[in-house]
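Residue numbers (our numbering), protein chains in the order written: chain L, 1 to 135; chain U, 1 to 135; chain F, 1 to 135; chain Y, 1 to 135.
Hints are computed from structural coordinates only; laboratory data are not their basis.
Be a bit skeptical, because a hint or two may be false.
Because identical chains cannot be distinguished in the list, a pair is counted as satisfied if it fits within a single copy or across any two copies.
Unchecked claim - Below, computed lysine to aspartate or glutamate pairings styled on EDC-like, alpha-carbon distance capped at 20 Å:
hint, residue 1, residue 2
1, LYS50, ASP114
2, LYS122, GLU47
3, LYS50, ASP71
4, LYS113, GLU82
5, LYS83, GLU98
6, LYS113, ASP71
7, LYS50, ASP130
8, LYS113, GLU49
9, LYS83, ASP39
10, LYS46, ASP114
11, LYS46, ASP72
12, LYS83, ASP114
The model shown is predicted, which means the values in this text are computed figures rather than measured ones.
4 protein chains.
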Amino acid sequence: MIRTETTIRVRYGETDAMGFAHHANYLSWFELARIEMLDELTLSYKELEKDGYFLPVLGASLSYKQPAYFDDRLTVVCYVREKPGLRIHINYEVLRNETLLCTGSTEHAFISKDGQPVRPPKHVIQTFLDAMENE
Amino acid sequence: MIRTETTIRVRYGETDAMGFAHHANYLSWFELARIEMLDELTLSYKELEKDGYFLPVLGASLSYKQPAYFDDRLTVVCYVREKPGLRIHINYEVLRNETLLCTGSTEHAFISKDGQPVRPPKHVIQTFLDAMENE
Amino acid sequence: MIRTETTIRVRYGETDAMGFAHHANYLSWFELARIEMLDELTLSYKELEKDGYFLPVLGASLSYKQPAYFDDRLTVVCYVREKPGLRIHINYEVLRNETLLCTGSTEHAFISKDGQPVRPPKHVIQTFLDAMENE
Amino acid sequence: MIRTETTIRVRYGETDAMGFAHHANYLSWFELARIEMLDELTLSYKELEKDGYFLPVLGASLSYKQPAYFDDRLTVVCYVREKPGLRIHINYEVLRNETLLCTGSTEHAFISKDGQPVRPPKHVIQTFLDAMENE
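With these hints in hand, go ahead and build the complete structure from the sequences.
Next up, the structure:
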């Protein structure tokens with residue numbers, strides 16, 4: 001299993017008239033955490049795109065348990081529990097201190113610049129597998 | 001079953017560097033379509049909030065099938081298939097002409113201004129039930 | 001002078017914890033109104049990009065007079081008062097009924113796909129000039 | 001003069017189809033930098049709101065010089081050059097390393113919870129004045 005942590009601070013522009021962080025932002029926070037997970041694995045998503053590989057979101061689910069508020073410092077935990085193949089599954093938890101605010105998941109597949117599904121680059125898969133063995 | 005349609009046009013600021021509408025926007029489009037569905041049922045979400053009822057999102061899921069692009073005219077279809085009780089379930093389809101781009105669902109419950117779960121206002125439930133019978 | 005009008009409805013996700021439409025959204029509403037102004041001139045910004053012309057924002061200013069709220073129906077008025085040359089200047093007013101909420105302006109220049117400044121396409125300038133004469 | 005620095009990393013969701021960070025995000029980055037400037041002055045904007053003081057944006061201007069891209073690490077510099085009175089003026093610079101990408105300014109005034117203009121809290125003004133003398 002791969003497990004990484006990212007911290008974010010809720011921006012004022014991310015709140016809504018309920019006084020909560022608007023629910024759509026969690027998908028952006030997942031994305032941020034996902035990119036920092038790749039960083040920790042020494043994979044740069046920016047470099048992947050330069051190499052012609054794009055990793056769009058095929059599916060996502062979110063379960064909101066408690067609201068987040070302006071200025072909250074949140075931890076977004078990313079988990080990869082299944083060996084990546086054509087598809088990559090990532091799970092997320094958003095916490096304020098010990099309080100679990102949201103859980104979620106995203107599913108991804110690599111596509112080429114022209115939008116065609118492609119096999120993931122070998123070094124990416126190998127990096128994931130190495131990281132999963134080391135845990 | 002309740003079924004309503006909303007049309008949106010993809011804004012430039014909603015696109016991302018892949019050239020696609022960024023995946024987080026779909027949750028905002030669902031929200032927009034949900035509010036227009038309430039409108040069609042003669043329920044104003046703004047009035048509900050004035051009356052002290054808030055309808056946050058408890059859960060959401062999205063399945064992205066094809067990308068949307070800048071300037072696309074999209075139809076967001078809202079479905080309510082189950083009679084609403086303490087929880088309200090809504091399903092969504094996002095289409096460009098006949099092409100299905102995304103399906104999704106959200107789950108909601110009413111809370112009061114201080115964040116406590118409350119029973120939905122009777123006239124709201126009745127309006128939903130009436131609309132479901134008429135279909 | 002060119003003058004066009006666009007109507008928007010404030011989305012829930014555009015509000016912030018003050019209960020106002022967050023001030024950054026006005027730039028997106030200006031953009032929306034600008035693209036609809038081009039539409040009215042029979043110029044499609046999407047087509048311009050396909051032809052290799054991009055029209056980024058070089059500068060913007062905004063003066064906020066009254067807040068906008070969730071669900072407000074707003075009119076965004078676009079004005080072009082100066083003949084476009086290498087630069088295009090656009091002015092904006094955002095109104096709720098007769099109440100002026102915000103005024104602003106943006107400045108633009110055409111660039112090519114590789115980011116180099118280019119002369120605006122002749123038919124674009126001609127279309128602007130024709131529209132300005134007709135008013 | 002007060003001068004503080006904030007670092008941000010451009011999020012994928014902040015990019016647009018030109019491949020640039022969308023221009024509306026700079027207002028959110030200014031906001032973020034402003035809140036961190038208040039932090040450095042030991043003023044918490046969150047506490048100010050709890051005390052019933054809100055600091056909306058009355059005006060803003062932005063001059064975009066170079067685009068920012070996904071994953072760029074940017075420095076947002078905040079300047080306060082004029083002693084704050086009923087209005088507070090803040091200037092901004094956004095840089096990628098030594099390259100100036102954007103300059104801008106915002107103007108603010110305090111309002112109460114019901115939207116009425118109010119004199120700024122004395123300790124806020126004193127904190128600004130103290131910080132300006134120390135520089």
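Hint check:
1. LYS50 / ASP114: Both, since 13 Å and 15 Å are each at most 20 Å.
2. LYS122 / GLU47: Close inside one copy (14 Å), not across copies (38 Å); limit 20 Å.
3. LYS50 / ASP71: between (34 Å within a copy, 12 Å between copies)
4. LYS113 / GLU82: neither (26 Å within a copy, 40 Å between copies)
5. LYS83 / GLU98: neither (28 Å within a copy, 36 Å between copies)
6. LYS113 / ASP71: Cα proximity of LYS113 and ASP71: across copies only (19 Å, versus 37 Å in one copy).
7. LYS50 / ASP130: neither (23 Å within a copy, 43 Å between copies)
8. LYS113 / GLU49: both (8 Å within a copy, 18 Å between copies)
9. LYS83 / ASP39: Answer is within: at 18 Å inside a copy they meet the 20 Å cutoff, but 43 Å across does not.
10. LYS46 / ASP114: Intra 17 Å, inter 18 Å, cutoff 20 Å: intra and inter.
11. LYS46 / ASP72: between (28 Å within a copy, 10 Å between copies)
12. LYS83 / ASP114: Neither way: LYS83 and ASP114 sit 26 Å apart in one copy and 39 Å across, limit 20 Å.
Checked against the numbered hints above, the structure violates hints 4, 5, 7 and 12; every other hint is satisfied.
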